[in-house]
Amino acid sequence: MKKIYARPKGLYRNINGYCPGCLHSAAGKIIMSVLEEMDLLDRTAMVDGVGCCANNDNYMDLDAIGTPHGRACATASAIKRCSPETIVITYQGDGDLASIGLAETMLAANRGDNITVFFINNANYGMTGGQMAPTTLLDMKTTTTPFGRNPKEHGYPMDMCKILSALRGPSYIARVTCIDVPNVRKARQAVKDALQHQVDGKGFSMVEFVSNCPTNWGLTPLESLRFAKERMLAEYPLGVYRNL
Amino acid sequence: MENTVLIGGIGGQGILVFGQLLCLAAMEATDKYVTYFPSYSMEKRGGTSDCYVTISDEPVGSPKAEKSDYVVVFANMALKKFQHALNPGGTLFVDTSVCTEKTDRTDVHVVEVPAGEIAREMGDARVANLCMLGAFIGYTGILPPDKVLDAAHKTIGAKRPELRALNEEAFSKGLEIGAQAKAAHAASV
Amino acid sequence: MERVFMKGCQAIAEAAIRAGCRFFAGYPITPQNEIPEYFSRRLPEVGGVFLQGESETASAAMLYGAGATGIRAMTSSSSCGISLMSEAIGWMAGACIPVVICNVSRGGPGIGSIQPSQQDYFQATKASGNGGFRMLVFAPSTVQEAVDMTYRAFDLAQKYKYPVYILTDGFTGEMMEPVVLPPMRSEEFLAAERKANEAWAVRGRGGAPKAHKIRCGTRFGVRCPLEQKNKEDWEMYERWKKDEIEYETDGTEDAELIITAYGISARIARSAVSILRKEGYKVGFIRPIKIHPFPEIAYEQLDYSRLRGILCAEMSIPPQFTYDVEAVVRKRAPIGTCLRSGGEIIERSAIIEAAKKLYGAK
Numbered sequence: 001m002k003k004i005y006a007r008p009k010g011l012y013r014n015i016n017g018y019c020p021g022c023l024h025s026a027a028g029k030i031i032m033s034v035l036e037e038m039d040l041l042d043r044t045a046m047v048d049g050v051g052c053c054a055n056n057d058n059y060m061d062l063d064a065i066g067t068p069h070g071r072a073c074a075t076a077s078a079i080k081r082c083s084p085e086t087i088v089i090t091y092q093g094d095g096d097l098a099s100i101g102l103a104e105t106m107l108a109a110n111r112g113d114n115i116t117v118f119f120i121n122n123a124n125y126g127m128t129g130g131q132m133a134p135t136t137l138l139d140m141k142t143t144t145t146p147f148g149r150n151p152k153e154h155g156y157p158m159d160m161c162k163i164l165s166a167l168r169g170p171s172y173i174a175r176v177t178c179i180d181v182p183n184v185r186k187a188r189q190a191v192k193d194a195l196q197h198q199v200d201g202k203g204f205s206m207v208e209f210v211s212n213c214p215t216n217w218g219l220t221p222l223e224s225l226r227f228a229k230e231r232m233l234a235e236y237p238l239g240v241y242r243n244l
Numbered sequence: 001m002e003n004t005v006l007i008g009g010i011g012g013q014g015i016l017v018f019g020q021l022l023c024l025a026a027m028e029a030t031d032k033y034v035t036y037f038p039s040y041s042m043e044k045r046g047g048t049s050d051c052y053v054t055i056s057d058e059p060v061g062s063p064k065a066e067k068s069d070y071v072v073v074f075a076n077m078a079l080k081k082f083q084h085a086l087n088p089g090g091t092l093f094v095d096t097s098v099c100t101e102k103t104d105r106t107d108v109h110v111v112e113v114p115a116g117e118i119a120r121e122m123g124d125a126r127v128a129n130l131c132m133l134g135a136f137i138g139y140t141g142i143l144p145p146d147k148v149l150d151a152a153h154k155t156i157g158a159k160r161p162e163l164r165a166l167n168e169e170a171f172s173k174g175l176e177i178g179a180q181a182k183a184a185h186a187a188s189v
Numbered sequence: 001m002e003r004v005f006m007k008g009c010q011a012i013a014e015a016a017i018r019a020g021c022r023f024f025a026g027y028p029i030t031p032q033n034e035i036p037e038y039f040s041r042r043l044p045e046v047g048g049v050f051l052q053g054e055s056e057t058a059s060a061a062m063l064y065g066a067g068a069t070g071i072r073a074m075t076s077s078s079s080c081g082i083s084l085m086s087e088a089i090g091w092m093a094g095a096c097i098p099v100v101i102c103n104v105s106r107g108g109p110g111i112g113s114i115q116p117s118q119q120d121y122f123q124a125t126k127a128s129g130n131g132g133f134r135m136l137v138f139a140p141s142t143v144q145e146a147v148d149m150t151y152r153a154f155d156l157a158q159k160y161k162y163p164v165y166i167l168t169d170g171f172t173g174e175m176m177e178p179v180v181l182p183p184m185r186s187e188e189f190l191a192a193e194r195k196a197n198e199a200w201a202v203r204g205r206g207g208a209p210k211a212h213k214i215r216c217g218t219r220f221g222v223r224c225p226l227e228q229k230n231k232e233d234w235e236m237y238e239r240w241k242k243d244e245i246e247y248e249t250d251g252t253e254d255a256e257l258i259i260t261a262y263g264i265s266a267r268i269a270r271s272a273v274s275i276l277r278k279e280g281y282k283v284g285f286i287r288p289i290k291i292h293p294f295p296e297i298a299y300e301q302l303d304y305s306r307l308r309g310i311l312c313a314e315m316s317i318p319p320q321f322t323y324d325v326e327a328v329v330r331k332r333a334p335i336g337t338c339l340r341s342g343g344e345i346i347e348r349s350a351i352i353e354a355a356k357k358l359y360g361a362k
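Chains as they are written, first to last, in this note's numbering: chain W, 1 to 244; chain U, 1 to 189; chain S, 1 to 362.
One thing to keep in mind: the hints can contain errors.
Stated by the list, open to error - To give an idea of the chain S side of the interface with chain W (calculated C-beta under 10 Å), a few residues:
#: 1; residue: 22
#: 2; residue: 46
#: 3; residue: 49
#: 4; residue: 58
#: 5; residue: 61
#: 6; residue: 67
#: 7; residue: 88
#: 8; residue: 156
#: 9; residue: 158
#: 10; residue: 208
#: 11; residue: 210
#: 12; residue: 214
#: 13; residue: 218
#: 14; residue: 330
#: 15; residue: 341
Said to hold, decoys possible - Using 16 Å as the maximum straight-line C-alpha spacing, the simulated EDC-like pairs for lysine to aspartate or glutamate come out as follows:
#: 16; chain 1: S; residue 1: 210; chain 2: W; residue 2: 42
#: 17; chain 1: S; residue 1: 278; chain 2: U; residue 2: 58
#: 18; chain 1: W; residue 1: 162; chain 2: W; residue 2: 235
#: 19; chain 1: U; residue 1: 147; chain 2: U; residue 2: 28
#: 20; chain 1: U; residue 1: 32; chain 2: S; residue 2: 232
#: 21; chain 1: S; residue 1: 210; chain 2: W; residue 2: 61
#: 22; chain 1: S; residue 1: 242; chain 2: S; residue 2: 300
#: 23; chain 1: S; residue 1: 159; chain 2: S; residue 2: 232
#: 24; chain 1: S; residue 1: 195; chain 2: W; residue 2: 85
#: 25; chain 1: U; residue 1: 67; chain 2: S; residue 2: 344
#: 26; chain 1: W; residue 1: 141; chain 2: W; residue 2: 153
#: 27; chain 1: U; residue 1: 67; chain 2: S; residue 2: 347
As the list claims (entries may be wrong) - A short list of chain S residues far from chain U (calculated; beta carbon distances all over 12 Å):
#: 28; residue: 8
#: 29; residue: 47
#: 30; residue: 80
#: 31; residue: 112
#: 32; residue: 116
#: 33; residue: 142
#: 34; residue: 185
#: 35; residue: 193
#: 36; residue: 194
#: 37; residue: 222
#: 38; residue: 226
#: 39; residue: 230
#: 40; residue: 266
None of these hints come from the bench; they were simulated from the model. As the structure is a computational prediction, the values presented were derived from the model and not from experiment. Glycine included, every Cβ here is placed at the ideal spot set by N, Cα and C.
Pulled out of the complex, with its shape left as it was, chain W reads as follows:
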C-alpha cells in the first residue's frame, strides 16, 4: 500500500485549539508540510506575533520565538542577519502585521530582509474577541464597529499585498486562501515558492492567507467559507503580486 497522506512531521501530536472551522489550522498544516517536504524543519525558526497566531507555538515542533505585538518582522530580520543559515518565518495576523506592526512590516519589506512572512487575514482581531482590524471589510460589524465599518469614520480595508508591492524591497508576494481544495493546492505552491525565495537569498517574501473567523463573524464554519469566498475575495483578490 502506498501512503498518500500523513500528518506533517513537524506538527505535535496534540489537537490544536483553534475554533472549529478556523483556517489557521489549515495554513499551519500547509506551512509545516512544505517545510518537511523542503527538508527545512531543522533549520527553521518561527517568529510568531500576538493574537491567535501565537497558538501555533503549541502545535509546531519548531524553534520559535514569541514577539511583542507587531514586532515579528523586526525580530525576524535580526535573527536572519545574525544567523543567515536559519530559515526565518513569521506568522502574523492582520492586527499584528497591518496595524500595530505596520512600520515593522513595511520597513523589513523595504530593506528586503531575507525572511518569509505568513500573514493570516481574517478581517478582525480574533483572540481579543472580534474588534475591527485594518482589513475589516466595509459595512462589516465587529465589536468596535457595532454599526458596521464606515469609511468616513474608520477608513478603508487595507490591501497589504498591494501596499507592499509598491516597495522595491520584496521579492515574492502572493495572496492565497484555503477555503477549498484547488486553492489549498495553490496555497501550498505559494508557500513553497516563498520559502524557495528565502533559500535562494532573494529577499523579503510574504504569503497572505485570506482566512475566516467563524466564531467572531458569528457564522457556522460553512457559512464563513461562503462569506470569505464572496466578500473577502472580492476585496482581496488572489494571485501572485510579485515574483522576482
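Fit chains U and S to the supplied structure of chain W, relying on the hints for placement.
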C-alpha cells in the same frame, strides 16, 4: 593644580578642535586628569559652539567648570556670554579680528590676538583657531608648544597632510604673540 | 598602557565591540547618536551586524531577536527613546535574553530636552517596563568607567542570561577623556560562548531533541509556568543583593556629614567632598557604582550617632535617587538635597553650600 579653559565662538570656527588639541597634548605630555566637554546649539550651522577643558592633578569633578581660569572667545556673542565665566584674575583671549566689542571686566587680563586677520593673510581663514591656540600656549605656558603642535599634526594633519606647514606657521605666529603679551604683562607688574 | 582620548559614546561602543558585541540596533536620538554611528562603521570590520531600526520599538525588538540567537548584542537610546523600548526590554527580561541596553539620558518627562539629566533613575532601577522585573544597572561617572562597565555588562548579561542596563547621561556621552581600552575578546571565546548558547538559542533546532521556545515565561528555551518564572527572577534579584552590590565610600568612618550621589553627579560631589575636607569639615562620600541592586549596606554601616545629615546630590527634580537613600536611612539622619534638572549641570559650589547648611543645621 587645576586649569580650566572655556572656548567659545560660532560653529565652524574650530572651537571644538581648539579644546580637543589642548586635551590631547595634555594627555600626551602630562599625567594629569583631562576632561573635555562640548556644547552647541540646535542649529547645525552658524549656531553657538563652545567647549570646556579641565586639566587637573586631581580627578576632574564637573566636566563643565562653573568659572574658568581662561576664556577664549572668537565672537562678540561669546564674549558677552562668557566673560562673566572668568575667574577674577583670569585671562581673556579675544580674537580681535572678529570681536568688535570690549569686555566689561576690569579684574581680568586681556590678550588680544587678531587671529582671523593673520589667518586670512596666510590665505586660509580656517587656521585662525591654531593661531589662537599658539597665542594661548605662548601666554599661559601650561603645555609644551611642541606637544600641542604634535597633537595638531596627528589629528588635523592625519586627514589633510598638505595643511601641515600652514598649521605650523599659524601656530608659531600665535605663539609669538602670546609670548610677547606675557612679557609685556610681566613688565607691567 | 596606551591611553586614547575618546568621547563617552564612542568609548562605550568600542568597549562593547571589544567585549564581543556583534549586533547593534538603534534609532537616532540625541545625545547618543555617536553610539549607533560608531557601530555602523565598526561592526562590519569584526563581522558583526548593524541595523538601524524604524523606531526604538523596532530596534529593541531587533535586539531581542539577535539576543535570541545567542550572540552578544546591544542597543542604546536616550530617555523617551528608552520608554519606547520598554516593550521589548520587558520581553527580554520575561524571556531571559542576555543583552545590554544603554541609556544616555536626557531631560524629561516626555521629550524633555536634549540636554543631559538624571531624570530616569526610577525607570532604570524600578520599572523599565511592565511586570515588576529588575535589571543590574551600572551608573558610570567617567568615560573610563563607561568603558569598563560596558565591557563587564556583557559578561554579566551572559552570566545571568538577563538584560543588563547602563544608565549614563548626555554629559558622560558627550565628554571626552583619556581611556585605556580593554583587550579584544577572542573569536574563539565568542564562538565557544555561542556554541554553549545553542542549548537554548532559536536558530533552527538542528539535531536537538526538543525545539527551543523563547517567549515570556521561558528560561533557557524551555517553558515554565509564569509564577515559577517570577519566583526564579525574584530569587535572582535577591542573589544580586549578595553578589552584585557595588559601591564606593570615602571617609565615612569619622564623618559627620555624608554626601551621596551616583553617575555624573558623583564625580562633582566627590570634588566637593575633597574641598570640604580641606576646609576642615568631616565629610564622607558614598557612591553606588551599580544603582540596582541598591547598596543599602553602605548606608547601614554608617555611625548615625555622629551624623549631622546626609546630602543627596542628583540631576533630577523631583528627586529619585534620594528616595532610595531615605528608604534605607529610615529617618536616622536628616536628609538634604542638592538638585538640578532641565539640562543644567549640578554645580560643585551648590553642593558645598548645601553641605555646609546641613552641617550647621544640627
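Which of the numbered hints above does this structure break?
2, 8, 9, 14, 15, 20, 28, 32, 33, 40
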